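**Student:** For reference, each letter of the sequence shown is one residue, going 1 to 660 in UniProt numbering.
If you're looking for bench data, these hints aren't it; they were derived computationally from the structure. All of these numbers come straight from a predicted model, not from anything done at the bench. We treat Cβ as the ideally placed atom computed from N, Cα and C, and that holds for glycine. Hints may be right or wrong, so weigh each one.
Listed below are the simulated DSSO-like cross-link pairs for lysine-lysine, each with C-alpha atoms no more than 27 Å apart in a straight line [unchecked claim]: (1) K409 <-> K424; (2) K389 <-> K280; (3) K274 <-> K234; (4) K247 <-> K209; (5) K211 <-> K274; (6) K389 <-> K424; (7) K178 <-> K247.
DEER-style ranges, computed between Cβ atoms [unchecked claim]: (8) E205 <-> R22: 53 to 61 Å; (9) E370 <-> S12: 52 to 60 Å; (10) H422 <-> E595: 21 to 29 Å.
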Amino acid sequence: MLNLSYLEMSFSSLVEIPYNLRILQKLTVLRLSNNQISTLPPEVASLENLQVLDLSQNKLSYLPAEICNLRNLTYLNCSMNALTELPNNISNLFRLEVILLSQNKFTCLPDNFSLLKRLQNLNLSGNRLQYVPFCIFGCYSLREFVFSSNQTPGAIPENLCKLSNLEVLYLANNRFTKLPNTLSKLRNLRVLDISANDIELIPEEILNKCKHLTHLNFCSCKLSEIPESLGSCKNLQVLNISNNSIKSLPQNGADLKNLVSLDISSNNISIIPKWVCELKKLSYMSASQNLIENLPKEFEEVARELRVLDISHNHFEQVSQCILLQDARITYLQIDNNPVLNIPPEISNLRFLTHLSISHCPYIYELPDEIGYILKLRALVLCSNNLLKLPSTLHKLNNLNYLDLSDNKFSRFPIVVCFIPHLKVLLYNNCCHSCTYSKPDPPGWFERTSFIDPTASMEKLGKEYINEVDEYFPDDDPKVTLEEALLREEEESKIQSVKAEDIGDLVFKRGPHCIPKLISYLKFLVHLSLQQNGLYFLPNIFDKFNRLRRINLRDNNLRKIPYSLANCKTLTHIDLRNNRLTGINVPIYKLQNLERLELSGNNFPISLSEVILHSNLKALCDYLNTQEENWRKYSWPLKYFDIYYIVIISILIIYFLLHQ
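Make the full structure from the sequences, and use the hints.
**Tutor:** Here it is, written out as structure tokens:
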């Protein structure tokens, strides 16, 4: 034990450093991160051989001067504490190479900090520094300087050019207004990040002379143009100029052959220059939120190597054929928020596609059958279109885990969804939009024109309606095939012919939007969201889900909770807000894994509503459990009274009929 050189005590819930730690004289590495330590005892200074000290994510408000007696220390991590200053004798740590001080409360550094001549890595991000401390300009060995998120105003100091060995410079998320030409003297600079500042101009000289630049991040500045000298950055691998006011890209970029990632999103760009189509190593490109109408034909050269392409929020009326090549290797494609008129069958050429997002495209009413042949697809987002149906081929997507169908125009739940074998997340929100006049009302339903608010006629629903749920959900054959289910769906969707003379008497009726029992086929379902569908009832099949953890049923018209929901033992989150519930008719509060139960916005008695409003989950569950026990205790006399009452009434009716 006395010869111990490495001690790991992170995540140990320590509130103080053990006193007997000082006997470990051969200790070279001590890690104490993620604890509750508020003070550092002077005895730590006795660990003379210590080289690495990690105190990050604790509650330290100061460092004792004795810590500076650790003359062999090369690495000191004090990030994520509450430090306001460093000891004045910090220069005694002359062997220090790395000091991490991010996310503290520093407003300045001691002047002798500049004597740390071996310092190579300094992180001051997330502090309260109103200026870049002058003392760091004497740390000539500095290779990495991180000064992000300090909200520092004014110009970036020209003296940064004195740090001639600097390779990595992060100045993001401040209020800098000017990038000085003198930074062009940093000939070893590889990474420059000035994102989220008020800088309006990038000096050409920096891009011309900093030949080793590999990463440039100019996003969220106030740039209106990018210098033509960008083309001279031959080693550039990552370029981010997103969220500016740039109208066009430089015309000369043929030498940017090493570019791997290009983000030009959230600008005013309308044309992709041809040099982008020559970037053979490009694997990531985001061009979203621009004014682009099409991609050049030459873009097919890029598509062969591109892995991620985001062209959402543009003006595309068709999906460019240049990205739908048979040898394309795109895995992530996002074309949301475009006036696309259709999805071409060639979409199936993207056989490596794992994530496809086609949302907020108002002219998309249907999808091609070929979409079911993208067999590696894992996530499919189709929300906020005008889809009327889904292709039956979707059941072939054996790898599909995530499906978002929210906010479309389905007249009924697409039955093919129930046959997607490995679906884990299903979002089917706000899909109740249709009126039908063909199908007779289900028992207990109500008639009204399509212009009447559905909630206006709720009072016409008698108590007997609640018991008619099973009548509307006939038992589905457990062996039903997709073909049989599709045939049944087609028959139910047919509109009966109406004679011309009967049109005047036609009354529109809104058929109840419902979820089929076949949804229980989704054995791998983990998250199910059915909010805002006008649902009055649900099939009693939730006990068949062995993996379901979250269910969202808010903003419907539910008056009764399916009893099977209480038998879905894996549930952790249940959201029943804003329905028509008048009571908790099933013991869902007894679910052992339940972490969150949302019930507000229903028609509960005042007492229960108050408990829901002011109680945590445990208190709410205790209350509901007590209510159930009281009901069992006092309800049995009422049952016998009801029987007695019925018998008396029956006798009176018989007597009346006999003496009529």
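**Student:** Does each hint hold? Answer for all of them.
**Tutor:** Here's how the hints hold up against the structure:
1. K409 <-> K424: holds, 23 Å
2. K389 <-> K280: violated, 39 Å
3. K274 <-> K234: holds, 17 Å
4. K247 <-> K209: holds, 25 Å
5. K211 <-> K274: holds, 23 Å
6. K389 <-> K424: Judged against 27 Å, a Cα distance of about 21 Å means the pair holds.
7. K178 <-> K247: Holds, at roughly 21 Å.
8. E205 <-> R22: 53 to 61 Å: With a Cβ separation near 55 Å, E205 and R22 satisfy 53 to 61 Å, so the hint holds.
9. E370 <-> S12: 52 to 60 Å: Roughly 56 Å apart at Cβ, these two residues keep to the hinted range, so it holds.
10. H422 <-> E595: 21 to 29 Å: This hint holds: roughly 25 Å between Cβ atoms.
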